[in-house]
Amino acid sequence: MIDRHDVMRMARLARLELSEEEIDQYQEDLMRFLRSGQKLQQVDVAEVEGTSHAVHVAHELRPDQVGTSLRQEAVLSLGPRVEQGFFRVPRIVEGQE
Amino acid sequence: MSKVSKGVLGMANYDTVIGLEIHVALLTDSKFLCSCSTAFGAPPNSQCCPVCLGLPGSLPTINEKAVECATKAGLALNCQINLFSKFDRKNYFYPDLPKAYQITQDAYPLCSRGFLDYYVDDQLVRTEITRIHMEEEAGKLIHSGSSIVSSDYSLVDYNRAGIALIEIVTAPDIHHPGQARLFVEQLRLLLSYIGVSDTKMEEGSLRVDANISLKPKDSDLLGTKVEIKNLNSFRALEKALEYEVSRQGEILDQGGTIRQESRTWDDRAGRTMSMRSKGDAPDYRLFPEPDLPPLCLEPAWVESIRASIPELPLERLGRLEEQFGLSRYEATFFVHYPDFCQIFFDLAEYDLSPKAIVNFLMGDYARLARERGHLDARRIAGLLTIVKEGLIGANQEGVVLDALFSSEKSAREIVKEQGLEALRDSTELQGVVDGVLTANPDLVARFRSGESKLLGYFVGQVMRATRGKADPEVVNKLLEEALS
Amino acid sequence: MKELIQSLDVREVSAQEIVQHHLEEIAQHDPGIHAFITVDQEGALRQADDADRRRAQGQALSPFDGIPIAVKDNISTKGLRTTCGSRMLEDYVPLFDATVISRLRRAGLVLVGKTNLDEFAMGSSTEYSAFGVTHNPHDHSRVPGGSSGGSAAAVAAGEVPWSLGTDTGGSIRQPASFCGVVGLKPTYGWVSRYGVVALAPSLDQVGPMAKRVEDAAALFALIAGNDPRDATSAKAPSFQVPAWDPEVLRDLRVGVPEEFFSAGLDSQVEHAVRGCLRQLEDQGAVLQPLSLATNAYAIDTYLTLVTAEASSCLARYDGVRYGKRVEAEDSNTMFAKSRSAGFGSEVKRRIMLGTYVLSANHYEAYYEQAQKVRTLIKEDVLDALSQVDVIITPTTPTAAFQIGAKRDPLEMYLSDLFTAMANLSGIPALSVPCGLNSHGLPMGIQIMGGNFSEALLFQVGYMIEQGVEGSARHGQL
Ligand SMILES: [Zn+2]
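As you go down the protein sequences, you meet chains A, B and C in turn.
Residues 1 to 97, numbered by my numbering, are exactly what the first sequence covers, in order.
Residues 1001 to 1484, numbered by my numbering, are exactly what the second sequence covers, in order.
Residues 2001 to 2477, numbered by my numbering, are exactly what the third sequence covers, in order.
Calculated from the structure, these hints are not laboratory results.
All figures in this text were calculated on a predicted structure; none of them were measured in a lab.
Cβ atoms here follow ideal geometry from the backbone N, Cα and C, with glycine treated the same way.
Relax, there's no trap hidden among the hints.
A short, non-exhaustive set of chain B residues, derived as facing chain C with CB atoms under 7 Å:
hint: 1; residue: 1050
hint: 2; residue: 1054
hint: 3; residue: 1056
hint: 4; residue: 1057
hint: 5; residue: 1061
hint: 6; residue: 1100
hint: 7; residue: 1101
hint: 8; residue: 1290
If we strip away everything but chain A, and leave its shape as in the complex, we get:
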């Protein structure tokens, strides 16, 4: 069972601002999705290792050599709000998830 509170908590975690209708909609979607996913819960996976990578590859490490970075102007050209070489963000409020 998923209530509106759960949906709002997920939205806060994911930094999404949802309308009342969206909350209703996603509550329903989540419930249906989880119900359909019920059959996964029944699969016996005792002793089974999870797969997080499709194909096993040996991890090739990168040598510690400095390469070229982007030019500062190029980096800042992407920014919606920049100031004196920095990206600017509004007030940072601590104490949220």
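Starting from the structure of chain A, add chains B and C with the ligand where the hints point.
Showing chains B and C with the ligand alone in chain A's frame:
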């Protein structure tokens, strides 16, 4: 390790339990996950690329040197090196975190189950290291106001984002704030010995988070843990923990309960402050990083790293005390100043007494060397040898030392050129003594009538006449004979 | 394509003319199809000009120097905006090329534009693009499939000879099937993902789309290979286009999983696929019925993993460094407002699902469980492939559906029913057209094989293609 004991007691009614999480920036030329430079002090956002800016489609690749440094730290801290380790994503939003997740190691860290032994008040104690894992650094925030809370806006520089870090996590094994400080000091020293970090706290290369709780004395019940974030000096670490010991103690004394929370240290106000006031506990939604395969290390590679680890501070302390007979104070000096220690070891190769070397290195030399850089051990040995041989008097040592710093000449050459050889030839000195006594008939009379302290004056005059080169022993003897 | 290359080679036509021709095709067809988000007319002609100059000096970069191509708009192209079909990246112009783009440029291919897709590749119909719906060239009232719908439609409509798509659960093969073109989901790791905007990094692959199997193979040869910038990139050698020899079918063991021919499969699709199978058998292949029972879990497993990974991959769009930003008093509100304004409803839905399955109290039951079931699926597939050389199934249960027909997201998710298994297990899968249904709509057949068996898949696909074309000619007579 029979000397190891388990710490020292804290406050009166409560036992203090402290665990530390230490973030250490690794000494690599390029970042952890991309090849941007790690150099400090560049213009903002000038050492960034698609990867460390988290541009869409960019992918991380692991810096080999970072793995090497982390492994080295693990081995030096007696950890088990896990040949199989994994990377995970820790998801949270923050303006300094480019991808809105941090690449870290959660379930399978690189190192686990180690320890560090160190002295607390002459007692060797052990703090367990639970784990060491690798992760990436975040960017740097500059606040428009005096603090984050009072700022209308902040500016972000991603030059630092993606630099390789290790997080060293201790067991809650530490029993008072002073011990926490000693632990971090020893840890920092060890890390600098193995060369994996510049450990500059003022530049943020070493940062400490501390967990602290109090429990009634001899109780098995653990208290509620409070986390103090981002302590970036030894002083801040010790003061913040002391503050928490008394804050929590007072609350408990009054029958209150401690809130589990994160706090921050306000250095100016001298107190800790709560960081989270609203919202739920953080939910980082950790899961395996799909962009990075697991890290599988070869045992032979780990052994080659082990072989590269130099003598560590505690071993060195023991060796200085046992092999060379240094006092704890002296040995500690050399352990803390590896450059002096190296010179000590070099000088010990010569036929010189450790005591003489130590006195020399910890004396005027220390000050001069800090100002002007070290002298070649061979040249110091030359000086100490002629002192030992008595070629020059103690008074001349300083003159020769100065000259060693300002020229390339050897001590012997300097002595010869400046004619500083000690005068101990009795016949030669007899003339000088006679001259001094003849020139001061009334003082000789006063001496003879009992003013024995005038002997010093005569010695001084002889020394002056010989420009300090006269052997004081011989001078004394001649004066006593002449005045008797 | 062979003809194009030959005429370029003998300088019968110039790259300019070829590119100009395709730009005219785009101008003519795209208003009705809307396969493109961005057409770079100027840049394409400039690149064609460069190609002609190189060819004139005998310095052609490859046989394909000057041949046009279109690329799905979730692949980063330096200097050419890359929107991912999202308002979030409406004005985002990458500072770097994806590795696959560098490889195409190195071969002299002319990038004519960026094709439409479901927003951030989340969808199976290209209806979820912020830049409008793409129409199926065979029937404009129908979807082209998705999420690489633009890349499939552009090839099908003759706007470009070939294109690149991306495939996370079927996003190349399903639109290839709907549009009657060839599409390959390569072995995970054989094509670099560097610069490809992530949907689910453990499943995503870039692959070729073309009218003919030979062309798809040639394009795959251009893009496949190890990339040190992608740590999940395989250490496989480069891909060599195989010889097209019918002998390949002799004694070829073809696995036919019964689960893919059960209820829900359109009878015309079944008929077409079975027809192809019979032809293969006639040419010496040995059909072997087998079971891939774990496919019953494929969609749920796939959805759990894809939404989880996507929720994390899409977190970076926070309005700080690039992309859409809606100003607010504090950073958290700015993040939320920017993301809510930038993302469409399907993206938000998947972020919500993914956040849920990764959250502290649900991780074990959902995400971790799905990872373990993924292991079972992978073992099931690899076990089957130890008994047969290839596995053949329909690519999709039905031909292209009507635009607007699938309003229910869960129903839409079922589009990947036959394709997600290859992504979950990492193996390559090729979709080849296998005829038209009674509405004149294309249908597709899927050939799966072991890791790095692309050459074999192309060879088998080529034989199917020959057979289907032969039957079509025969039918016309
Ligand atoms: Zn970088």
